Amino acid sequence: MRLWEGTELAFTSRVAESGVRVSPSGSVFSSSSWRRLQEASKAASAKGACSTDSSLISPDISFEQLGIGGLDKEFKEIFRRAFASRVLPPPLVKEMGLKHVRGLLLYGPPGTGKTLIARQIGGALRARPPKVVSGPEVLNKYVGQSEENVRNLFKEAEEEEQKKGDKSGLHIIIFDEIDAICKQRGGGAGGGGGAGVGVNDSIVNQLLSKIDGVNALNNILLIGMTNRLDLIDEALLRPGRFEVLIEIGLPNAQGRKQILTIHTAAMHAANRLAADVDLGLLADATLNFSGAELEGLVRAAASFAFQRSIDEKDLAKTRNTENMQICMQDFEAALKEVKPAFGAESDAMARCLQNGIIFFSSACKRIQEIGITLGAQVRDSPVALVASLLLQQQTPGCGASAAAAAAARFLSFPFSKFVSAENYVGFSEASKILMLNKTFQDAYKSNLSLVLLDDLERLVDFTPIGPRYLLQHITQNNSYYPKSIL
Numbered sequence: 001m002r003l004w005e006g007t008e009l010a011f012t013s014r015v016a017e018s019g020v021r022v023s024p025s026g027s028v029f030s031s032s033s034w035r036r037l038q039e040a041s042k043a044a045s046a047k048g049a050c051s052t053d054s055s056l057i058s059p060d061i062s063f064e065q066l067g068i069g070g071l072d073k074e075f076k077e078i079f080r081r082a083f084a085s086r087v088l089p090p091p092l093v094k095e096m097g098l099k100h101v102r103g104l105l106l107y108g109p110p111g112t113g114k115t116l117i118a119r120q121i122g123g124a125l126r127a128r129p130p131k132v133v134s135g136p137e138v139l140n141k142y143v144g145q146s147e148e149n150v151r152n153l154f155k156e157a158e159e160e161e162q163k164k165g166d167k168s169g170l171h172i173i174i175f176d177e178i179d180a181i182c183k184q185r186g187g188g189a190g191g192g193g194g195a196g197v198g199v200n201d202s203i204v205n206q207l208l209s210k211i212d213g214v215n216a217l218n219n220i221l222l223i224g225m226t227n228r229l230d231l232i233d234e235a236l237l238r239p240g241r242f243e244v245l246i247e248i249g250l251p252n253a254q255g256r257k258q259i260l261t262i263h264t265a266a267m268h269a270a271n272r273l274a275a276d277v278d279l280g281l282l283a284d285a286t287l288n289f290s291g292a293e294l295e296g297l298v299r300a301a302a303s304f305a306f307q308r309s310i311d312e313k314d315l316a317k318t319r320n321t322e323n324m325q326i327c328m329q330d331f332e333a334a335l336k337e338v339k340p341a342f343g344a345e346s347d348a349m350a351r352c353l354q355n356g357i358i359f360f361s362s363a364c365k366r367i368q369e370i371g372i373t374l375g376a377q378v379r380d381s382p383v384a385l386v387a388s389l390l391l392q393q394q395t396p397g398c399g400a401s402a403a404a405a406a407a408a409r410f411l412s413f414p415f416s417k418f419v420s421a422e423n424y425v426g427f428s429e430a431s432k433i434l435m436l437n438k439t440f441q442d443a444y445k446s447n448l449s450l451v452l453l454d455d456l457e458r459l460v461d462f463t464p465i466g467p468r469y470l471l472q473h474i475t476q477n478n479s480y481y482p483k484s485i486l
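Residue 1 is where the sequence shown starts when you use our numbering, and the numbers rise one by one after that.
Possibly wrong hints are sitting among the right ones.
To be verified - When the alpha-carbon atoms are kept at most 27 Å apart in a straight line, the in silico DSSO-like pairs for lysine-lysine are as follows:
id, residue 1, residue 2
1, 155, 167
2, 131, 164
3, 131, 155
4, 432, 339
5, 94, 167
6, 131, 141
7, 445, 73
8, 164, 141
9, 131, 76
10, 339, 365
11, 163, 99
12, 336, 438
13, 432, 445
14, 164, 99
15, 141, 163
16, 163, 94
17, 99, 167
18, 94, 164
19, 73, 163
20, 155, 94
21, 73, 155
22, 99, 155
23, 131, 99
24, 167, 76
25, 336, 445
26, 445, 339
27, 317, 339
Unchecked claim - With beta-carbon atoms standing in for the labels, derived distance ranges:
id, residue 1, residue 2, range
28, 169, 319, 48 to 58 Å
29, 235, 364, 48 to 58 Å
30, 143, 254, 45 to 55 Å
31, 152, 303, 42 to 52 Å
32, 441, 268, 30 to 40 Å
33, 333, 144, 49 to 59 Å
34, 81, 341, 21 to 31 Å
35, 312, 356, 30 to 40 Å
It is worth saying that the hints were derived from the structure and are not from the lab. All values reported here derive from a predicted model rather than from experimental measurement. Think of the CB as a built atom: it goes at the ideal place given N, C-alpha and C, for glycine as much as any other residue.
Please model the complete structure; the sequences and the hints are all you need to start from.
Printed below as a string of structure tokens:
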């Protein structure tokens, strides 16, 4: 029989009292936050501090209208760190001896909305349209042309500051995929080798001189986006440069509902969304979905409705398009097709359980209970926990992998990864470490993660004669203890 079918097990979860408590933030960022600070700026101006022709902040802001959802907390932090000082009168900021923030860096998994945030910031500001530059676009095959491209980005800001001084408007420059041009200098991580290293070094040096050099500008704001924060040169992340680091992570249930509301707003307005569609249930069912994946889910659901409106005998003809609606059944079907990049590897777990599990002894059942009890403690604990469990198999094929996969499926962690030595056949030691490193980095991006290491002795290249094993693997495993990981 298969494990857990018709079986109810009760476990007492002994929650550890150590670790870092994680409390969900209930703060909501709305247009009223912008409006209050704007009114404070006008009040200071009325007292003679300064008079401005126009306010930097647009008072009527709706982030859902801008197509942004699930990022209220991040927007609040961006506004406080990067824009609050610019709303206040310049003499007041000078009196306090402070400088404006010149750069912020958005990092996180792909598809979480980094580029969307940067592009829509211009819609929330009464400023000139931002310059959007893709990192590779700066590179040029001619000597010195790449550095000149960087200088040209700051040319307008330099000319306006020379003419208007403190009254100069804000110039926003957005660098998409900034890791392509701002790698570690000196052939470090991502630097590679050869002639390309010198070009990247020169670009970083040129960018540093413009941001925080002798003639540093005070009327610029640089916004960088990257999926690989570890590749960025450390000098760029110091205060006065890209000093504000904002992690754009995977949205929570409330954020996922906001994103789904945005992407179904047009359907709802046109009465194309059926009444049985519950966005709250969909938000709960889409654990670890990014914003881009949620948008893809809506498109996939719409495709089922489109299919019903196409004549199967004549694909060029449509039928009953006037009453076409997207229903909950379409979304349920789409959930089977669209899988999150940071979700559970259900297929790999299913392969381990294709023959089911039989409790042939009380000891076998006890092992299962211990594994699930430990996993439930990590999953349900209000504090961040990291736990590890080792199943030692006496002979190959005794069912250790199946037992671990069954426990993983029962626990239903949002992120579960099955790592087997078979996936690394033909890889060098360095490649194995990089792949394992990526696995734990992906696990870190999810609030709850489960990593199943199958055939551990083969993963670390253990041999009983010696003994000999790959120490870097063990060091890598011990370096990722920031969140709840099993």
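Verification of the hints:
1. 155 to 167: Holds, at roughly 17 Å.
2. 131 to 164: 20 Å, holds
3. 131 to 155: 12 Å, holds
4. 432 to 339: Given that 27 Å is the threshold and the Cα spacing comes to 25 Å, the pair holds.
5. 94 to 167: 13 Å, holds
6. 131 to 141: 22 Å, holds
7. 445 to 73: Holds, at roughly 17 Å.
8. 164 to 141: 36 Å, violated
9. 131 to 76: 23 Å, holds
10. 339 to 365: Not satisfied, since the Cα-Cα distance of roughly 32 Å exceeds 27 Å.
11. 163 to 99: 20 Å, holds
12. 336 to 438: At roughly 26 Å apart (the allowed maximum being 27 Å), residue 438 and residue 336 satisfy the hint.
13. 432 to 445: Judged against 27 Å, a Cα distance of about 20 Å means the pair holds.
14. 164 to 99: Holds, at about 17 Å.
15. 141 to 163: Violated, at about 34 Å.
16. 163 to 94: 19 Å, holds
17. 99 to 167: 15 Å, holds
18. 94 to 164: 16 Å, holds
19. 73 to 163: 37 Å, violated
20. 155 to 94: This hinted pair holds, its Cα atoms lying about 24 Å apart.
21. 73 to 155: Not OK: residue 73 and residue 155 at ~34 Å, beyond 27 Å, violated.
22. 99 to 155: Measuring from Cα to Cα gives roughly 21 Å; hence the hint holds.
23. 131 to 99: 22 Å, holds
24. 167 to 76: Holds - the C-alpha atoms of residue 76 and residue 167 are around 26 Å apart, at most 27 Å.
25. 336 to 445: 23 Å, holds
26. 445 to 339: 16 Å, holds
27. 317 to 339: 31 Å, violated
28. 169 to 319: 48 to 58 Å: At 55 Å between Cβs, range holds.
29. 235 to 364: 48 to 58 Å: 56 Å, holds
30. 143 to 254: 45 to 55 Å: 52 Å, holds
31. 152 to 303: 42 to 52 Å: Since the Cβ atoms of residue 152 and residue 303 sit about 44 Å apart, the hinted range of 42 to 52 Å holds.
32. 441 to 268: 30 to 40 Å: 37 Å, holds
33. 333 to 144: 49 to 59 Å: Between residue 333 and residue 144, where Cβ atoms are some 56 Å apart, the hint holds.
34. 81 to 341: 21 to 31 Å: 29 Å, holds
35. 312 to 356: 30 to 40 Å: 39 Å, holds
Going through the hint list in order, the structure does not satisfy hints 8, 10, 15, 19, 21, 27.
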